[in-house]
Amino acid sequence: MIDVKELYKEFKVFQRPDGVWASVKSIFHREYSIIKAVNGVSFHIDNGEIVGYVGMNGAGKSTTIKMLSGILVPSSGSLTVNGIIPYKNRVANAKNIGVVFGQRSQLYWDLPVIDSFMLHKRLYDIPNDVYAENVKHFTDILQLGNFIHQPVRQLSLGQKMRANIAISLIHNPPVVFLDEPTIGLDIVAKAAIRDFILEINKQRGTTFILTTHDMNDIEHVCQRLILIDKGEIRYDGSLNNFKQSYGEKYILTCQIKEFKAVPQSELFYIEEKTDEKKILLFGDKSKISVSDAVNYVMKAYEVVDISIQESNIESILRQIFTQ
Amino acid sequence: MVAVLYHLKKFFDIVPIFSHNQIKAKLEYRGALLIDSLFYILGYGTQFIILYLITDKFDAIGGWRQYEVLLLYSMTILTYTIACTLLRGPSSQLPEKIKEGHFDQSLIKPIHPLAYEIAASFSGYFLIHDILGIIFVSYSLYMLHVEMNLIKFIFLVCTILGGAMIQGGVLLLFAAVSFYILGENPLTYGFFIALRQLSESPVTIFPRIIQYLVTFIIPFAFICFYPSQYLLGKNDFLMFHPIVQFLPLPIGVIVLSVGCMVWSHGINRYQSSGN
Ligand SMILES: Nc1ncnc2c1ncn2[C@@H]1O[C@H](COP(=O)(O)OP(=O)(O)OP(=O)(O)O)[C@@H](O)[C@H]1O
Ligand SMILES: [Mg+2]
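Sequences listed follow chains A and B, in order. In terms of numbering that gives the first Met the number 0, the first sequence opens at residue 0 and continues consecutively. In terms of numbering that gives the first Met the number 0, the second sequence opens at residue 0 and continues consecutively.
Same shape as in the complex, but just chain A (with noise of 0.2 angstroms):
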């Protein structure tokens, strides 16, 4: 269980001065700019629940994960992961959680993958029995089989990032942090990890909390959604809902000759790719049908080429953050 109360962190970034004196001056007073980083975010997450934490670059997605993972002290509000405070007791926390950082491995360059898991087995105190288990089901679901025995620095991008995956699992965890584990995988792999987030989730009702830029991963594998921007909460609900009161949405990507200087509309909303001759229409088909938008940028452009893209959460998402 998950308690997230008006959370707040702010980062503190050091202003790197220009020129000599400026540098000297630094040693004795440095220059600070504050980062909003999460700004009054709020949430609960219940045990066994699967949450896609989603938002823009920037948007405070990994700090928040930092914060209930206990690697950051928030600057204001109270958030608990099964009633722990994570940065007031990361030890008990640590054993409550797994966390995999897709841009960034928690495997050691030096040692091959089974010496990580044994690393973690020590730090764990994880019984032989389960142990042995966890390594031989992980190894056939995620394939590991091949590359297990290998020092880390030898392997791939999805190959690490599997691993990290089994790794972050090892223990049993309750909650599991997952930010972008899917990043830069290939679509086997992508698949591969999003069934076994599932069949995990199903067999031990673990908790997850995953983030991605792949809404694929989202409609595969969450059932809640959380949107966060700027550091604050636009939407939190089920997938279902969120693509029903946004569902009316579509997009007309069109191909066309060449530019004109075309008024916007109260109805839709207008995107234009200059460099790759490309307009985006974005409409809601309370406001205007997909066949009049159609007519609409037929008569407005010479099209040469147009398809149209019903909502996914992607198209959706598109919207609200471009507009």
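Be a bit skeptical, because a hint or two may be false.
[Unchecked claim] Selected chain B positions facing chain A (in silico; Cβ < 10 angstroms):
no., residue
1, 13
2, 21
3, 266
4, 273
[Said to hold, decoys possible] Where chain A lies over chain B, by a calculated footprint (3+ residues, C-beta under 8 angstroms):
no., stretch
5, 84-97
6, 180-187
Treat the hints as calculated values from the structure; they're not laboratory data. Glycine included, each C-beta is placed from N, C-alpha and C at the ideal position.
Given chain A, put chain B with the ligands in place with the hints provided.
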């Protein structure tokens, strides 16, 4: 207390994995062991020889004879090497880890980050440096015809432990500054060495202000200057009470504790890094 035992147990559980691997990696490169030892001997050995030559010429520095000065130097090196064998991870490697955000990993393990950092960087391999350090000290003591008995031996061991703790504590303290300030840590390795050099030489030759500095502020004079006088039967305690010669261990415990506390407290200031 229970918590300390827990972290110690975890520490000894995981140290073999890292250490075994690092030794294996070192031995994979043939001759690495030899070259590394050679560099160590070259690095400190030349210093040793230069000191030897200088003291040879001037006969005595501040009333300290040649091998007495060499003893100061070799004690400093030995205690430094011991401190580094254990604390490389949480000291010299720390500022870089903080800057790059790699310290994240140590905060999500079920063990105190300090213990984890020590374990993860520990390599039994560096024990070789310690052995070379012991040879330096033994050689100086031998050339000084210091008569060893049990009491003196225990005193020597305590002094070395204390000296290692003093240097270790200051190393931790300096590294932990990276938690508290953004940008480059001004307390660099070079700064540490420069400060320490004040205590490698007979402190007598420096102005009073520096004698105070290395006694009260950064107590490097306790690494070797004060305690070696007991071994050498000297009586050169500046303006302080002769008790100072017996204090390296307690001072070491204090300095190391302060270092650990400041370090552990600094964790909460850690900002990680955007990816
Ligand atoms: N250690 C840090 N120091 C300073 N600023 C930071 C730090 N970490 C993150 N930030 C800033 O805080 C904001 C939120 O960053 P965060 O990493 O949480 O975003 P994110 O949602 O994970 O983005 P992405 O999808 O790109 O991973 C950004 O503006 C980022 O520049
Ligand atoms: Mg991120």
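Against the structure, the hints:
1. 13: Holds. Min distance 5 angstroms.
2. 21: This hint holds: residue 21 of chain B lies near chain A, its Cβ roughly 7 angstroms from the closest one there, short of 10 angstroms.
3. 266: holds (8 angstroms)
4. 273: holds (8 angstroms)
5. 84-97: Answer violated; 0 residues pass the 8 angstroms Cβ test.
6. 180-187: That given contact holds, which follows from 4 residues of the stretch 180-187 of chain B lying within Cβ reach (below 8 angstroms) of chain A.
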